[in-house]
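Chain by chain, the residues run as shown.
Number of protein chains: 2
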Amino acid sequence: MEEINLLADKIRNGDRAALSRGITLCESDLALHKSQALFLLDQLYPFTGNSIRIGVSGIPGAGKSTLIEALGTYSIDRHQKRVAVLAIDPSSEQSSGSILGDKTRMEALSTRQDAFIRPSPTKTQLGGVAQQTQTAILLCEAAAYDVIIVETVGVGQSEIAINHMVDVFLLLQIVGAGDDIQAMKRGVLEWVDMVVFNKADQGKETQARVEAANMSKALGLFPSKYAGWSIPVLSCSALEKTGIEAIWETIISHQLHLNQKEIFKKQREDQLNNLLCSLEAQVLRVFLAQHKKINVLRKENQLNWQAKEVPPFGVLEAFKKQLTKIFLEEE
Amino acid sequence: MEEINLLADKIRNGDRAALSRGITLCESDLALHKSQALFLLDQLYPFTGNSIRIGVSGIPGAGKSTLIEALGTYSIDRHQKRVAVLAIDPSSEQSSGSILGDKTRMEALSTRQDAFIRPSPTKTQLGGVAQQTQTAILLCEAAAYDVIIVETVGVGQSEIAINHMVDVFLLLQIVGAGDDIQAMKRGVLEWVDMVVFNKADQGKETQARVEAANMSKALGLFPSKYAGWSIPVLSCSALEKTGIEAIWETIISHQLHLNQKEIFKKQREDQLNNLLCSLEAQVLRVFLAQHKKINVLRKENQLNWQAKEVPPFGVLEAFKKQLTKIFLEEE
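Going down the list, the protein sequences come from chains X and H.
Position one of the first sequence corresponds to residue 361 (the numbering used here), numbered consecutively onward.
Position one of the second sequence corresponds to residue 361 (the numbering used here), numbered consecutively onward.
I should point out that these hints are in silico values taken from the structure, not numbers from a laboratory.
Hints should not be assumed to be uniformly reliable.
Since copy identity is lost for identical chains, a pair holds within one copy or between any two.
Restricting the straight-line Cα-Cα distance to at most 25 Å, the calculated cross-link-like pairs of lysine-lysine (DSS-like) are [to be verified]: (1) 668 x 680; (2) 370 x 577; (3) 625 x 370; (4) 394 x 680; (5) 626 x 585; (6) 681 x 394; (7) 585 x 621; (8) 441 x 394; (9) 601 x 621; (10) 601 x 564; (11) 621 x 681; (12) 681 x 564; (13) 680 x 652; (14) 685 x 370; (15) 585 x 625; (16) 601 x 653; (17) 680 x 653; (18) 668 x 653; (19) 680 x 659; (20) 625 x 653; (21) 441 x 601; (22) 653 x 681; (23) 653 x 626; (24) 653 x 394; (25) 564 x 577; (26) 441 x 370; (27) 668 x 626; (28) 441 x 564.
Every value quoted in this text rests on a predicted model; they were computed, and no experiment measured them.
Given only the sequences and the hints, what does the whole structure look like? Please build it.
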């Protein structure tokens, strides 16, 4: 594991190529890589946790990348932060992610010395993608990035995942798009910490104020996610870079609120525990995939299904009984 | 299993309450129910497969429910079909589905004798939701519903799932909404069999024709999902019930195309095999959850994590070694 110690050192010293390699290692399916990844995570774990973790969600076209670029650049320039941008995209089954897309879209940010942009891992399994984004967060923190922005792609499942890995969840809306278009899944509002109306470009400021006020009124009808925190509704133009400072300050005051209410530490602990449980489940899956007796039974199932001579679902009932017989009677 | 035989009979005889009970049984997590569900599926399996399975997707506000209502009503009135509407919503973690929503939205269809509307099952796990929708399809077919419409909720993960369970995948777009808003995940276009521009209401027909033609041109640049099938782009007003017949006829000709190319049978077999594999994985999961030795190890992991005295990720490496030691040495 000497090699992994070296990698850990390089990551801590801000070597971007090493950070990329580390994240790739954590995404790998190879058994050796998995052991190395766990070792790497333990090496880096003591140096994690010192960032603001921000989740950004919104329908396609809401301008998530433009906002992230504006917010990231702002926090580097005005607050001397180091910014890492990660993406979570559970739907990227066929296409191999959007590396080029992200880099092109966040042109200004991607050239900054203090920014690190990583596209979404491509896994079919949602547990996988969430888990990989969570380990990437830890690695970026160990590399001294102190603002981590996680962008969701898609509406639905990815919001659940992101809600379990960030401190503050920002929902982006579009000024003037109409309720029909941006109608959010009911569930999403239960996880949101702040709402931002984007595309409040020059001339649209009044409209933005009206829509933000309406949404604020509507949100007042829902119970808060945390006691004492009513969801702020802001507006901005990510394109014209207006309203960015207010977003930053709201994120900071949310962070303070979580700290004061002693929610912060508990939430981070829960998130780590979730990650560990998800990795535990993965270890079990990998173990089972290598288990000879189980593999023999599964092959028999496939043959039965191909032969089509027995009722297909009954094969599973028999499988269950065999598993129980072989593995439970041994105890 | 006498009781399940009786339930199977009732489902085959068109008893809607029995069909609902059967679907609920297949969604249950109880071990007894799981065995009963497998038995029920084998009883009904010989009577499945005789439907057109249609997937409908599109962003929130595209008018999916309105289209499904129009298409469903049309196929009952004009083609004496019996229509079942299922929903797949992997994001429904917190809220308990949208029963009321669906019933209210599809008011006309829900009162029809020949229609059956079932809201999305509510599971956190995507595998779970997809699997439950697939078993619900089989049950509806056994109950002699010959048009099964599966509606996706959300953009992203659910399209992947739906693509693995239907014959024809219909993507709904909105006339005049602008590319920005409806920008689809790149992946989705690879699964689409037909595109329909909705909201081509009176006065918007020309605009709809132009947008449909543009999209058709753009789609020509992509390779087809099936040889010889170029993706038709239609337009309709689900609200004013125009263009519905053309949608129906396109679905039928797609079905014919799949049959001629001998894709149909193969695709259905693959889908069944996927379902069986997903159920097999579930059997394994349930088995593991009951396994004493594994549970002891997992409890030790939790205690280690709580104590915070050992590196948290190393606990997983140790877990892997223990699993291997206990279960592989036995062989």
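Going down the list of hints, with the structure as the test:
1. 668 x 680: within (19 Å within a copy, 37 Å between copies)
2. 370 x 577: neither (50 Å within a copy, 50 Å between copies)
3. 625 x 370: Neither way: residue 625 and residue 370 sit 28 Å apart in one copy and 54 Å across, limit 25 Å.
4. 394 x 680: This pair counts as between: shortest inter-copy Cα distance 11 Å, intra-copy 29 Å.
5. 626 x 585: within (14 Å within a copy, 48 Å between copies)
6. 681 x 394: between (32 Å within a copy, 13 Å between copies)
7. 585 x 621: within (13 Å within a copy, 53 Å between copies)
8. 441 x 394: Answer is neither: 31 Å inside a copy and 53 Å across each miss the 25 Å cutoff.
9. 601 x 621: neither (32 Å within a copy, 54 Å between copies)
10. 601 x 564: Within one copy only: 14 Å inside a chain, 36 Å across chains, cut-off 25 Å.
11. 621 x 681: neither (50 Å within a copy, 41 Å between copies)
12. 681 x 564: For residue 681 and residue 564, neither the intra-copy (66 Å) nor the inter-copy (61 Å) Cα distance is at most 25 Å.
13. 680 x 652: both (16 Å within a copy, 16 Å between copies)
14. 685 x 370: neither (50 Å within a copy, 35 Å between copies)
15. 585 x 625: within (16 Å within a copy, 49 Å between copies)
16. 601 x 653: Intra 61 Å, inter 58 Å, cutoff 25 Å: neither.
17. 680 x 653: both (13 Å within a copy, 18 Å between copies)
18. 668 x 653: Cα proximity of residue 668 and residue 653: one copy only (23 Å, versus 36 Å across).
19. 680 x 659: The answer is both: 14 Å in one copy and 24 Å across copies each meet 25 Å.
20. 625 x 653: For residue 625 and residue 653, neither the intra-copy (44 Å) nor the inter-copy (32 Å) Cα distance is at most 25 Å.
21. 441 x 601: Within one copy, since 18 Å is at most 25 Å while 55 Å is not.
22. 653 x 681: both (14 Å within a copy, 18 Å between copies)
23. 653 x 626: neither (42 Å within a copy, 30 Å between copies)
24. 653 x 394: Close inside one copy (23 Å) and across copies (23 Å); limit 25 Å.
25. 564 x 577: Within. Shortest intra-copy distance 20 Å satisfies the 25 Å Cα cut-off; inter-copy 34 Å does not.
26. 441 x 370: within (20 Å within a copy, 66 Å between copies)
27. 668 x 626: between (53 Å within a copy, 14 Å between copies)
28. 441 x 564: neither (31 Å within a copy, 50 Å between copies)
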